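Residue numbers (this note's numbering), protein chains in the order written: chain A, 51 to 398; chain B, 51 to 398.
Because the hints were derived from the structure by calculation, they are not lab data.
Treat the hints with care, as some may be off.
The list cannot tell twin chains apart, which means a pair is met if one copy fits it or any two copies do.
[Claimed, not checked] Derived pair list, reagent style BS3-like, types lysine-lysine, alpha-carbon separation capped at 27 Å:
1. 343 x 229
2. 170 x 383
3. 290 x 177
4. 177 x 246
Keep in mind that this is a model prediction, so the values were computed, not measured.
There are 2 protein chains.
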Amino acid sequence: MAETLKFIQFGMGPIGEKIVRYLLERENVELEAAVDIDPAKIGQDVGELLNLGKPLGVKVSGNAEQALANSDADVVVLSTLSSFAKLEEQIRLCIKYKKNIISSCEEMAYPWDEDYQLAKSLDESAKQAGVTILSNGVNPGFAMDTLPIFLTSVCQRVDSIRVERHQNAALRRLPFQQKIGAGLSLDEFKEKVDAKIIRHVGFTESVQMIAKAMGWQLDRIEDIVTPAIAERDLESQFLKVAKGDAAGVLQTATGYMDGKPVITIELQAYLGHPAPKDSVRIEGEPPIYSEVKGGFNGDIATCAMVANSVPVVRRAEAGLKTMIDVGLTSWFKGHNQEVAESEQLAAV
Amino acid sequence: MAETLKFIQFGMGPIGEKIVRYLLERENVELEAAVDIDPAKIGQDVGELLNLGKPLGVKVSGNAEQALANSDADVVVLSTLSSFAKLEEQIRLCIKYKKNIISSCEEMAYPWDEDYQLAKSLDESAKQAGVTILSNGVNPGFAMDTLPIFLTSVCQRVDSIRVERHQNAALRRLPFQQKIGAGLSLDEFKEKVDAKIIRHVGFTESVQMIAKAMGWQLDRIEDIVTPAIAERDLESQFLKVAKGDAAGVLQTATGYMDGKPVITIELQAYLGHPAPKDSVRIEGEPPIYSEVKGGFNGDIATCAMVANSVPVVRRAEAGLKTMIDVGLTSWFKGHNQEVAESEQLAAV
């Protein structure tokens, strides 16, 4: 008989809801509890909230500690905040109840350079509790760091790495189009960049993760955000952009070693991008150019990455880990694999 | 002060020699011993054998047990045989002396379905000795299994996976051109296929590894080898192929589930292939098509993959592992990373 993998969802925003949906599509995977702070969601059945067509028998709770204390599940999906420092309290609560954590927190994807003290402290707490903490998503966590890192495996020598993520924002949801500043005047855009409202969180972390894997000691990292200026009037399903205004964002993070750029990761996300793609160019021996035409679907990929990491975080060694440390993530059909293996063992 | 990573090379054939060369290019990596059975190599200094321009002070030994017993190194690079069963004795010798093993043995890249008993037995022995065993290369071990597996991480659902490795054999070494049957008549080619002389070892293992990661129970796996027939007279630097003879090989392994092909891995390797590439096509939500134009350089990639896995196999959990289980492999500059980390620890 198949065992069931039970998980707790902590954070029922758009990302959290989608992760729950993706996980419930798998065989033998069950939601045991869901937590959020939104009064409009608390008390609602998750099945109804997600329009699954039937109640799940799990109501959104506003009391995280109670939900964790009353649960047998050994894994929490944590999709609440992008800031590592602000997330500390929630992480410590999960550790207290000995839950493994898979998170979509961008800054926690590689926190070792930006906040070593907190990373070290949580690493030690996680080891004492025997649980694993991991954070990922499409970016940081996959397209702009771990995939390029993995591609270098077949290189004799690596001199530099350039990652390009080019997206046609017209195909994305309205919140994404707003997030990248589409439709703003250049002055408005600059204000929002200065206030760090327009900025993809995690670029510095991606550069640091690549440097760590390569064994490169970087002198410094630049992370520069500029507008992609509309060359003509543009229009998406949701908004209009006048010629000369911002059609979206260009963000480039560059890691320098001995004064030379060795790691460059570039995001171009604007309405009407003519050639969306995710590409990796490795200069070295041999050079490698890898391209995914059309690019990884940003709306799906982050949630899929987190959902697909649940089995990995459950079996990884204890501690605060990054994607460099844990086993290979992948899509998985359901939670029948481990049972199949134990049956196989029994048959021998 | 930087620590040195010391390794033992077991097998000094063309693959082993290249791995040694790649590892010695890294910072703070030292060859401690080298073992081979070739009387022409035994007693020779490895530096002279590899034309490194200076002697290394390490002579090729014909006595593996003595070399292992006298060494402080905790890792052996094992590049001797493609057959898992035949490799058992050498593996047990390495385990006896508590050495981690990174191997290029194709069948050991995923041995769990083809020889479960031996895999389980070596897994237990490795765990008792506290050492890790891992095997990889470009294929199996990367291009046709672990890379496609990793790419599914950003999928909500995977229905099928098709991997194509297309190579222009005219650009490869003579032994490769001979191995794929270039220049043979169709009758000669068939004889060599029947005798399993023309056949890339590890296709079945790659399909099994993908199925394991996806959680798919396959009904059966086909592994079919046919000639790529020359449509005109062809010529490489090394040999000639008459029109109608074999220009190389086509090999396709297919994994079926519920009667339908869900995993297909295809090698096309022949003189004059017009469009060499390594591609992965994932059907599902979302579909993904990833392509490396020109493909991964086969001569470099296998040796680089094995060399680059040395740090990973040293830090992985004990046991017989596959690329699904261990941390992410990558190129690395040298063995200064761990020292840098302990310095950082000391500074806190």
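- request: Could you place residue 290 and residue 177 in one of the four classes (within, between, both, neither) given a Cα distance threshold of 27 Å?
  value: Neither. Shortest intra-copy (51 Å) and inter-copy (62 Å) distances fail the 27 Å Cα cut-off.
Identical-chain pair category, residue 170 with residue 383, by Cα at 27 Å: Close across copies (25 Å), not inside one copy (34 Å); limit 27 Å.
- prompt: From the Cα coordinates, with 27 Å as the cut-off, is the pair residue 343 and residue 229 best called within, between, both, or neither?
  reply: within (23 Å within a copy, 34 Å between copies)
query: Is it within a copy, between copies, both, or neither that the alpha carbon of residue 177 lies no farther than 27 Å from that of residue 246?
result: neither (34 Å within a copy, 50 Å between copies)
Consistency note: the structure conflicts with the earlier hints numbered 3 and 4.
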